[in-house]
Amino acid sequence: MKQLFSFIRKEFYHVFRDKRTLLILFGLPVVQIVLFGFALSSEVKNIGITVFDNAHDNNSEQIINKIKASPYFLFKAPVKNYADIEEQFKEGSIKCALIFPVNFAQELARSGRAQVQIIADGADPNTATILVNYLTAIIADYQQQLNPTARLNYQIIPEVRQLYNEEQNGSLNFIPGVIALIFMIVCTALTSVSIVKEKELGTMEILLVSPFKPIMVLIAKAVPYLILSIINFIIILLLSVFLLHVQIRGSLPLLFAESILFIITCLSLGLLISNVTNSQQTAMLISMMGMMLPTLLFTGFMFPLENMPKIFQFISYIVPSRYYYIIIKAVMLKGLDFSYVWKETLILTGMSLFLLTVALKNFKTRLQ
Amino acid sequence: MKVLSFILQKEFRQIFRDKTILAMMFAVPTFQLIILPLAANFEVKNVNVAFVDYDRSTYSQELLNKIASSGYFRIVGNTISYTDALEMIEKNEADIILEIPNGFERNLVREGSQKVNMAVDAINGTKSAIGGGYLMAVLADFNSSLDVNIKSPKSSTIATAPRIDVTYSVWYNPLEEYKYYMVPGILVLLLTLIGGFITALNIVREKEIGTIEQINVSPIKKWQFILGKLIPFWIVGIIVFTIGLTVMYVVYGIFPKGSIPVLYLFAGIYLIALLGFGLLISTFSNSQLQAMFVAFFFMMVFMLMSGFFTSVDSMPAWARQISNLTPVTHFITVVRLIVLKGSGFAQVKMEFLYLVIFALLLNGAAIFNYRKTS
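If you read the sequences in order, they're chains A and B.
Using numbering that gives the first Met the number 0, the first residue of the first sequence is number 0, and each one after it goes up by one.
Using numbering that gives the first Met the number 0, the first residue of the second sequence is number 0, and each one after it goes up by one.
Please note that the accuracy of each hint is not assured.
[Said to hold, decoys possible] Only part of the chain B face toward chain A is listed, based on derived beta-carbon distances under 10 Å: (1) Leu-35; (2) Tyr-53; (3) Thr-57; (4) Tyr-58; (5) Gln-60; (6) Gly-124; (7) Leu-134; (8) Ile-163; (9) Trp-170; (10) Pro-218; (11) Pro-260; (12) Met-291; (13) Phe-296; (14) Ser-310; (15) Pro-315; (16) Leu-339.
[Said to hold, decoys possible] Taking lysine-lysine pairs in the DSS-like style, the calculated list, with each CA pair at most 25 Å apart, reads: (17) Lys-44(A) - Lys-44(B); (18) Lys-333(A) - Lys-90(B); (19) Lys-206(B) - Lys-196(A); (20) Lys-212(A) - Lys-363(A); (21) Lys-44(B) - Lys-65(B).
[What the hints assert, rightly or not] Label pairs and their computed distance ranges (CB to CB): (22) Ile-234(A) - Ile-321(B): 18 to 24 Å; (23) Ile-156(A) - Thr-78(B): 20 to 26 Å; (24) Ala-26(B) - Ile-214(A): 35 to 41 Å.
Hints in this document: simulated from the structure, not taken from any laboratory.
Each residue gets a CB set at the ideal place from its N, CA and C atoms; glycine is no exception.
Chain B extracted, bound-state conformation:
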């Protein structure tokens, strides 16, 4: 016990001595947590529609007004030809072309139906799916209002056709604001970067400077050494997490709906797993450069696979397996569930189990892999 307290004392001194590391650990994440959510807004608004009207009739104008007033669209040109509109898509000035053919109104009134062409720039999947969906909805709405407007002898059939009205409500984020989704995710990401990188660099640094040999010849045991490295960074991580939660509340007004102790319990276990991972990397590498590269590589994979950007559900089965094998995935899920939905411990106990297993495995491997002889 006494040995351990001496090691701890040494580690803390090293941390507090280096002002750049201190700044990197506390100031950078706070700053990033304030800045990043401003940029990470995936809301689809102002979809640019190039309205190509070859008909120039009352109905086509009505349709144009309806689209313009729906709030989702910005009409970026309507006196043009299809070629011009395509040019606008090529230049990224328009997202959707709606082409009203010649004879639109005449055919609509005489034959009861008329096709219009809709061309969507489909490179950006989300934008095309949502923008296209909105436009279809506006068209459907326009269709039902047409029946009322055009007097027709056979209009009685429509009243008898059964109709299912769909109402919907959006829970947990009724205004559909992106900050609720991104801020908890970014918090996890920052904690991951701090925990993963700084510990990965730590032991390697002792190797580079040569001080590890002094520790190796001392009677310090392997577990004492690893624990001595773990505890200080664990405390740092918890402090960063606390700062993060405060920023989340003060700047973005998001207060966890669920229990805060449960949140900390998860953060604690997650940090242990993560620090174990950083230590494991450092036992494998010989220079800080290598450690950094390897940590960078894994962080990248973790980040992309964790469901932070894109939903894990939509991944192919093999990718979901990989995603399941990264601790970040489970922690992001848990933080989002607890903060946004107020889930209790019972509802997320599986994730807890996962994190505990990660913590045990990674730290076990780090202790096993750390050699006192070189």
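One chain only, chain A, in its complex shape:
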């Protein structure tokens, strides 16, 4: 036991000596959380719009004013002809255009029906759909305003409730994803260099001739990163709560327990990489470049898994962060208890045990 403690102390010295790596360990998560939380959001707003108003009458002016007042749109100077709309699309300054026909008001007054046309930039399909929805709603609202007494004789009025996210925080979806991503990359990358570094420096020989057991070496290597990662997790949680105003709905102890489990999974993966590689660079390449893409792709927070080809969905089942993402979303954002996430927990536990065993098996006690 005493041996283990002194070994862990040695590992801590290693970690604290390397200021740049420490900076990565704590700096990267903070920057990512802030970026994701503030800058990235699935909301659509401030979108450039232009109007090609052939009518120039009261009605069209009023609709234009309504659009100008909407926070979703950024009104660009109206265009004078059809070709200018295309020009603006090509400059990238607008994403949609609204066209009023000549005699818009007359048509509306005389025949009671008038048409407007929306042109949306389909390059980004979801944004296009949302923009058309916004504009249609604004126009429908105006129509209602025109004639407040006229309404459908029979109508179903939907009362919409936004579950788990009343204030429609557009970045909510990203936060659990980023936490999973950070652990997956940072924990794995840092531990993956830890053993291979000793191999490179030649200090591995000293370790091997000591009476220290391989399992002890693995534990001692993992403990400092486990502790640092837990501190990291606390920082991320504090940032999410106080800076990004994310409400933690579920039980905090459960959240911690699940996170520690996931950290252990990542550390085991890192140890395994460290055991099978021979240079820091290879270890880094595998753990950062190699892990980055599958994690980003298959966790499910950025790219919707259900739209992927079957083979990809299948691959996603072996990516640990996928399960952690489900767990943390359920516990943190939806406030569910353990009975909803036991399956994922079991899978993560199994993965950790498997990875640790393989890592231990691959720990070479002889030099080549």
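Given chain A, work out where chain B should sit, using these hints.
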């Protein structure tokens, strides 16, 4: 000039000697460009609706059929209670609950209006916005058909109310397929990763191996050294870009609508800026590990801020400023504009100016920061 050609010869030999680097530069991006767009599909389809029907009347059944036949929704349960439906949302089996209260049909016919409850899982903003929007549209449609169906003495008022019909068309991507949006973006991203990482590692490697000292004591000038590093990787980048465009056409059938020379002009300038950035990182770092970490960090920020995933317009003002200060943003914008919309040089000249400034600044800083004495 002669000195430069010798340095170039050396660099090319080093590149071609290392087979892993070669594979990383050419095979990996090609592979990724083929695979990634398959995964990056943000289309919202098959929104799962839990239909909770406490009324069980003709109208509620009609509404259910209308929703089911609209094509956007999958009804995942309709004999259940609200609690069961909420449970389905908690388990991620449903996205939206539509609750039809008891007395729905009676109230609708007698009083002319009836409220229904709609609860949306709002954690995923895009899905809830689009799914909720679709469902509202189906309801609105159902409302207007109700008037025709229920005979009513006061139904004459509706005909006189003015009505604005909204038609819409979606340009540049009428089928609203995601590949048109993602493939050009991914191409830029891969070029960025290659250009940024490989150059960042390059000078540091000379430092680690110690060969940089030999160069330092030689009469090679700073600019010759930097240029000698830039030109080979610039050529590699252009080749990767060409392969990328070919993959884009052959695999995804996307052919640039705009001028290809203009596209290459931008790619050329962008690569210079990017390589300058990689070199700058390498002059700051002492080990490949450090260089990799720093490059990784910046690439991450660049990638997230560039508008590749989420629209730059929706960011807060300060984030838009940061986004403007990263070369990737401008290049992604330009590539999407030229490839999808066929924009000409005149329409994107501002972006060109930005990229030129980046190229000058970054390379200037790299030359300035490279010291021949240690």
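Any hints from earlier that this structure breaks? Give me their numbers in increasing order, please.
Of the numbered hints, 2, 3, 5, 10 and 11 do not hold.
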